[in-house]
Amino acid sequence: MGYFERALLAAVVIGAGAGFVGALVVLRRRTFFAQALTHGTYPGAVAAAALGVSVPAGAALASVALVAMMAGIARIRRQGAQVAAGIVLTGGFAAGALLQALIPGLPVQAESLLVGSILTVSEADIALAACVALIAIAAVAFVGKEIAFSTFDPAGFRAAGYREWPIELLVLALTAASVVSSLPAVGAILAIALIAAPAAAARLVVASFRGVLLAAPVIGAASGVLGVLASRALAVAAGPAIALAATAFFLLALGISKVRGLPLRRADIPVETAEDARIA
Amino acid sequence: MTDSPVLRLVDTAFTHPGGAGVEGLRLDIAPGEAVALIGPNGAGKSTLLKGILGLVPRTAGTIEIGGVPGDAQAHARHGIVSFLPQSADLDPDFPISLEQVVMQGRYRGLGLFRWPGRADRAAVRHVLESVGLESLGARPFGELSGGQRQRGLLARALASEPRLLLLDEPFNGLDQPNREALVDTIRSLKRDGVAVLVSTHDLELARLVCDSVVLVNRTQVSCGPVDEVLTLGNIQECFEGVEVEIDEHTLVVPGHEGH
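Residue numbers (full-length UniProt numbering), protein chains in the order written: chain A, 1 to 280; chain B, 1 to 259.
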């Protein structure tokens, strides 16, 4: 397999996986959380590169610490979680930049950690992304109905006798794994585009949980492939091209939803009672 | 044995970690019995219901559900207790249909790792009919009117086929037709042997649909058959200086003489 074919395969696998996990992230309104995570993994990746160990392993280690921290804070208060995510985001990024400046002669270029370099991904990177995607699919196959219930109605979920934190922790762990496995393709700064944009686009044009979970990976994979092709055709960096392709899909979906009036189809809600009429 | 209470509270107290709570609860609810939970705002009605659910810690006394000690956290997996909250804090943008919301009521019975089957879909259709929403099952939940959402959430609470149904201020914000529909639903649940505990400000509705009344104001003031409990003296004690709705009039209950 040539480097270009391998890049295309990586784009499909990583794009689809990030799109799938991104659907959970966007529906649960954890996008800012995920963004904090992408930046927070940066110092872990730099440290791993400096020590000569696996970059994804370093990023994963950093993200495990962050997931534990943010899950703990999210249990306390939602507002606090936003603040914590903001601090983790900038703090992580600053720590990464500082580490990079302090350690001379890093074997990896700073740019590839920040915006990825899909043309140099290894088969191990692709295998990791495939594993993450399969685990995410398995998680949704097994506890998808509980994830949907707790996302839609957290209070009702608790009242039905469920505990919320295992679901929260599961989705956060999947998010962290997805971020780490996306780094080779799009880097710490652009990973959020591949996670949030395809899912947000799917959400705009599809009106069911299952539909979003199916459409987002397709859009993510398409973004990856388009980005890689554009990178070769126009001789531009692949990471930004992938992120821009995902953004373009989002804008396209936004246009379609505006035209169709979805998801708020203001169709005929039957007015049965005076109170319904008042609300309508 | 069949007439053993669905819910039994003995000298029970439920207290929020912050300190507010309700105490001195002594209450039996038999199958097919509807009990009105009455008291002023902030009297601990919601706390009591959430305590039964296991969402507010029990700090004294005992609780038995279906003859088994323990709150609903221990029982909910059997679908014994269902709850209709006063105001649902749910995500109206989440892509989900009314049918799928009602199906959530079946999840506890299904358990983890299993998806709904034919019997569950039939049960969902049945409860949607019983609340009069059978024609709207496929509609996105966020597009329903307030009254329809309330009925949809009631259908979800019924979908688990509970033996005890807890309703928190279900009549608030409902117009006359929706109130009557809810009264009918409660009556038919009673006929099916479901025990109902309903918190309300509305003494008229309590008389209309309930067999017994519990008056609470931080502690249990009185408990018994509707006619014996809803006396002027009891209401004065419970609602001192608070607005009460009775016989379509709102009146402010004066305090006891000498206060």
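Worth flagging that the hints you see were computed from the coordinates, not collected in a lab. Note that CB positions come from ideal geometry on N, CA and C, so glycine has one too. Be a bit skeptical, because a hint or two may be false.
Okay, the calculated bits of chain B under chain A, using three or more residues with CB under 8 Å as the criterion [as the list claims (entries may be wrong)]:
#1 51-57
#2 118-131
#3 212-221
Label-pair ranges, simulated between beta-carbon atoms [stated by the list, open to error]:
#4 Ala119/B - Gly86/A: 46 to 52 Å
#5 Ala74/B - Arg210/A: 31 to 37 Å
#6 Ala138/B - Ala101/A: 54 to 60 Å
#7 Ala94/A - Gly19/B: 40 to 46 Å
Structure-based check of all given hints:
Counting residues of the region 51-57 of chain B whose beta carbon lies closer than 8 Å to any beta carbon of chain A gives 3, which meets the minimum of three for the stated coverage. Look at the region 118-131 of chain B against chain A: 0 of its residues bring a Cβ nearer than 8 Å to a Cβ of that chain, fewer than three, so the hint is violated. Residues of the region 212-221 of chain B lying with their CB closer than 8 Å to a CB of chain A number 0, which falls below the three-residue condition for coverage. For alanine 119/B and glycine 86/A, the hinted distance range of 46 to 52 Å is satisfied, since their beta carbons lie about 48 Å from each other.
For alanine 74/B paired with arginine 210/A, a C-beta distance near 33 Å keeps the hint of 31 to 37 Å intact. Between alanine 138/B and alanine 101/A, the C-beta spacing of about 58 Å keeps the proposed range 54 to 60 Å intact. Roughly 41 Å separates the CB atoms of alanine 94/A and glycine 19/B, a value that falls within the hinted 40 to 46 Å.
The structure fails to meet hints 2 and 3 from the earlier list, while all remaining hints are met.
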